[in-house]
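Participant: One letter stands for each residue in the lines below.
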Amino acid sequence: MTATFKTNKVQLTQDYIERLEAGQALLNDTPQNLVEVIGVLKSYGIVLDAYSVNLCYIANTQFLKLFPFFKYFNGDINPKSFVKNVWHDRINYEYAEYCMKSMFWHGSAGMDAYLDSDEFTDIVEEVVSAKFKFNPLMLGLHKVFKDFLPEHMRQMSYYSGLGQFWRVMSDMFLTLSDRYDQGEIKDIPDVVQHILDGLVADAAKPITYSVKVGQKTYDIIPESKGITFLMDTGVPYVEAIFFRGTPFPGTISYNAQAYQIPYDQGMFSYGALYADPLPIGSAGIPPTLLMQDMRHFIPDYLMDIYRQDNRGEGDLRIKICQSFQKSMFCVTTAAVKGLAPHALDTTDPEEKAANHKYLKAWLKRLFASQMVKVNG
Amino acid sequence: MAEFFLETVWIVPFYGFMGAILTLPWSLGTIRRTGPRPAAYINILMTLVAFIHGTIAFNAIWTEQTHQLGFQWLSVADLSLKLTVELSPVSLGALELVTGISLLVQLYALGYMEKDWSMARFFGLMGFFEASLSGIALSDSLLLTYGLLELLTLSTYLLVGFWYAQPLVVTAARDAFLTKRVGDIAILMGMVAISAYGADLDFSDLREWVSSHPFNSVGAALVGLSLIAGPTGKCAQFPFNLWLDEAMEGPNPAGILRNSIVVSAGGYVLIKLQPVFTLSPVSSDVLIVLGTVTVIGTSLMAIAQIDIKRALSHSTSSYMGLVFIAVGLGQVDIAFLLLFTHAIAKALLFMSAGSIILTTSNQNLTEMGGLWSRMPATTIAFIVGSAGLTSLAPLGMFWTFHRWFNGSWNVDWRLLGIVMFANVLSAINLTRLFRIIFLGKPQAKTRRAPEVPWSMAVPMVALSAFTLVAPLASINWPLWLSPNIPISPENASNVTQFATPLLILSGVLGCVIGSLINVRQAWARSSKVYVRFVQDLLAYDFYVEKLYEVTIVAAVSSLSKVTSWIDRYIVDGAVNLVSLATIFSGNALKYNVTGQSQFYLLTILLAVSVLLWSILNGQWSTVTNYWSSLIS
Amino acid sequence: MLSALILIPLVGSAVVGFYPDSKGKISRNLAFFCAIAVLLINLYIGWNFDTENTGFQFAEYIPWVEWLGLDYNLGIDGLSFPLVCLNSLLTLIAIFVTDKNISRPRFYYSMLLLLSAGAVGAFLAKDLLLFFLFYELEIIPLYFLIAIWGGKRRGYAAMKFLLYTAFSGILVLASFLGLAWLSGANSFAYETLKLHDLSLTSQLLLLAPLIVGVFIKIPIFPFHTWLPDAHVEAPTPISVLLAGVLLKLGTYALLRFGLGLYLHAWVEVAPWMAILAGISALYGASCAIAQKDMKKVVAYSSIAHMAYILLGASATTRLSVTACVFQMVSHGLISALLFLLVGVVYKKTGTRDVDSLRGLLNPEKGLPVTGGLMILGVMASSGLPGMVGFISEFLIFRGAFPIFPIPTLLCLVGTGLTAVYFLLVINKVFFGRLTDNLDSLPSVKWVEHVPAFALLFLIIAFGLQPNWVIDLSEVQAIALLTGG
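Protein chains in written order, with the working numbering: chain Z, 1 to 376; chain V, 1 to 632; chain H, 1 to 484.
By construction, these hints were calculated from the structure, which means they are not laboratory data. If you're wondering where the values come from, they're calculated on a predicted model, not measured in any experiment. Idealized CB from N, CA, C, for every residue including glycine. One or more of the hints may lead you astray.
What the simulated footprint calls covered on chain H by chain Z, stretch by stretch (three residues with Cβ under 8 Å from a Cβ of chain Z suffice, anywhere in the stretch; the number is not a length) [as the list claims (entries may be wrong)]:
(1) 6-14
(2) 389-398
List of simulated lysine to aspartate or glutamate pairs, DMTMM-like, C-alpha gap at most 25 Å [unchecked claim]:
(3) Lys347(H) with Asp309(Z)
(4) Lys347(H) with Asp99(H)
(5) Lys292(H) with Asp572(V)
(6) Lys71(Z) with Glu94(Z)
(7) Lys445(V) with Asp309(Z)
(8) Lys292(H) with Glu549(V)
(9) Lys194(H) with Asp99(H)
(10) Lys561(V) with Asp355(H)
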């Protein structure tokens, strides 16, 4: 944005479109922003790695378990890890599950089409009867509440799907950090380009999910269903987590008569791009968990910057959240670029017009987010 | 050994306090790098210990006489204050209920609050909550109970205010505290009064004191009313019922406790205070009137709510209204049974509601549907809870009502009418809720609804099972509380003869109406103005809140503004004017120059000295005379 | 021993005042040293204190201005000892919370010690004139402390304080002189004057100026208007001392001299005083509701809570009078705590306006621990059982109810209103979302909360074990009523 603050929405839209067409990102390209984005993405990459490992572990081993007591142990059950868990000295996998649940709740069109099909129900039926062969109680329960276990397996599919999506993202962010350390990343557009390249490279990567009961392997989501990385996990993820989210009980009233939460989930704007960073750390704000996880892995160069502030490490989680939002605008830029009907720097007037229409739709939603504030 | 646990049962409340204190390192932010879950584990462990201790004591009490453990707390001048604890099947049973439900709720909260980083504070408050409640269960002293009720008020305030950054929470917490506080102050007044007139504040001695009380009829009525005010606030009775609705802004696990055992604490105190209400017919009449008004009003409100928690919480007030009526009639055993059965069933319903809210991120009933086949534990909990709450299936409430009308109590048609009314509306409400939530086609927000994790499902299943066996308590209840075994009145035979069938009929009627009304549209906006009016009237609690705003709130706030104005312009001005100082310092107050003030300081010291001197001058002769007389 | 309590701060004050020290570090340490020494002596006295003794203990007597009948006559009893302890504790806290970079440190600490010496002297004085001297002495440092280190309108507030309290002093003095004159005593010794046999009319004539004088000091409606101004302008440590100790000089004089010397007349005017207490309690509460300045809310609350002491004193039952002493301690601790915390908020945010503060409970950028302490402090003030405010007020109400039921009920309503005005403040200031202009507040260090935690500890300890205070004063409080 230019130095003068413009309130005029039309003008603002025009500005942002010009920026994007000029190869800039939604986030201002400043050295400070670059350090924050890279630093925070590095720690985010580490955290996502842990989340991804755990989500896949749960999907692959904890399915159809009524009492998954040790689901956060990743199979590593010994006195030492037990004590660490009890002392809550661990990554907050609850947040990964929270993201998974909101994605599940908001839905991914591609995955849902398959998960609601009879094909899926049939395979689940097989798994259930194999798993509970000697458990008439569960089979009885399954008879009465016939959607209980299928719904559980749908959720497990999302566990797996999000786990696989985050696997790619984690690696991508960690290479970004490595490239930055090697001096290859110089500004924000480089960051966007790195992410865009990563997304494009893996766009068609298949998302599959199979479980093992006894000796037999069941393909819950076979490769043949054509569930792919970008369109069936990436885009729904951005929609569900970046944009929609779920209302935080710490700031929004769930009271039906207060009508604070819209009826239409499409109108939700509680996602990562919209969230107000100031209440982070307060009660009823789930992203606190993510910020808490990231605080352990913030690289020293960024930590030094944070420490210079008057509260030092006292309000670390809010500062991380602010940097995190900046980095998410870079990821959003990459997504916007990647999904655009035509290359953004096109000179063809027709293509340009199509791009404008597309960008305006995005920007309309983004103006309600923290974007203008972050850049202001 | 059991004897030891029995005699030390007064320690049980301290477990909760200890748990609360041990959470401080996390809730104060001293431990920042690791998470708050240890605080939760500590509290659950403490509650478990409390529960086990209570259970051993409860098993031991059956072979023992009811007795008191006294502790001389304070003795000053002619006043001696004792803190007494009663060991009886009733008090220990209440203790069991408190610690048991608290244990289940804390386990439930472990799942419900898992993504809340302020979990430590939450569990600390739950520990505090539980401690106060178990103290009330055991207490045999009005003073101790008053203190614990106040702690309960505080912890309600803090729990409702748990999500303090949410705007509606801010007012909800404040209103909850102030409403309860009004009642507490009234109790304090009553307590000061009866203590000043010779009562020693032990519940068990109240009956004796009442027989020789020194009040005239007005005094007796006033004392009774002041002691009623407290439970009226706690039990969310009209006109203090709104806080419970607002308090639904708080986290659901706290809501479970609040709607089951916290409101019951108010009823429990009412039962303990019952002898005082025999002082004057006014107090028992007021109890019955308040109860009746609340039963009718809140039952109607409940069926117009579109918020799942509020639809259930208004019904809480309604059942507490029945408790008020029972106490007003002096039928305390029934009141106790009502509390007991309601607490369990309502806790179960609220657990079910909480799991729905967590799964669907939604409390709005109009956006729900089709959950039953996917959420077995939640569905079962809701069905069992509903069955326990209405007099239809042979569960808790049926047996309690049956017991009420089986001929041993003095009941009449009006009472039966009220109970049937409550039962019909409760059945309508629960049937309506069941249909909206669990039946029909899933809507957008209930499209994806996996069952909640085990830490929430286990408490629901456990409590469901308990609700199924709880009727044994109603059936075998041996009338501990009533001073003398009630005798069957002769003229009430008609009522008792038809009561049970009529009650079942009312339940059936409620279910039928509940299944026939068009739930999707009936509570959406109607085009008819009068329907809309009634709907809004009920949904917005008869606009009682507005009534408060234009009456008491407006009065206090304008009075305070007027007083403040008077203070600033009249009192201050007048006193400034009158004060001798101003007269001789002239317009000194207009100047703020320090140098000048110092001058006045000197002036004043000088004036004082001169004054001193001149007065002493007159004494010169006395002083000299005295000394000369000494010398000579 | 008792002289040391006065001399240490007095000498300290002189030393600090004249010892060259531009940075203020030495002054601060010296002041600390004096305050700690005084506190230790208090502990020693407490250790050797005889709770059964109805008279004065540790008495010291030196004839001074003999022709005037003014003697250096000190003693301590159950009425004064708790207040002396309170004074030494709060002095220490006041020094502790004083800003290290305060301007003109030598003068400041010197005045602070002088203030403390004045207050302790007044509590210990067994001679009426000596009491008056100390009562006046304490005005001067307080005047300077407000006038130099106060807020924007400090000149006005200090002046008002000075005029009011000086006038109060004159009235008290008039009563004392009149008593000496009318009773024909040749000294101002308390124990001598206590034995007077004046007629009821003369007693009433002497009691009237005394009552008005101390009503200004306590303060009781309608003589209270200096207090909110003084509190608002005074720096935090001075507010702590003013509310915690100096107001207690008024109630102390009320009990010691009003009730102690003129029992017969006292009983005559008691019904009126009780009504005034009820009015004052409600009036203070009502004004507090409308205030926007946090400190003013606490100040008006102080007026309301001090009125309970008047109620207890007018009821003259053994219970109510004993409870009065307890309530003084209780109010001293609670109001000191509240002023401390408001001070912390003010120091960090630069404002006390409830409309511009919001969401301070925010754990990252707000003042969460201050908020938590504030909630507890407010609960203590509104009489939450388990804290000292409840039991002290309960005992007063319980003691006064049989004599004056209606005023007692009015005061009880006042207690109820306490929750109203404080909760309004708490919910506005600490709840809600932190406003954007408060997002770079400096953090509060743990050490800054040490005094608040110490006070809170005492508030809870005495709330659970009220006997620890009551046993000290019960015998002497009752002795006031029997003329023993």
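Participant: If any of the earlier hints don't hold here, list their numbers in rising order.
Facilitator: Of the numbered hints given earlier, those the structure breaks are 1, 2, 7, 9, listed in rising order.
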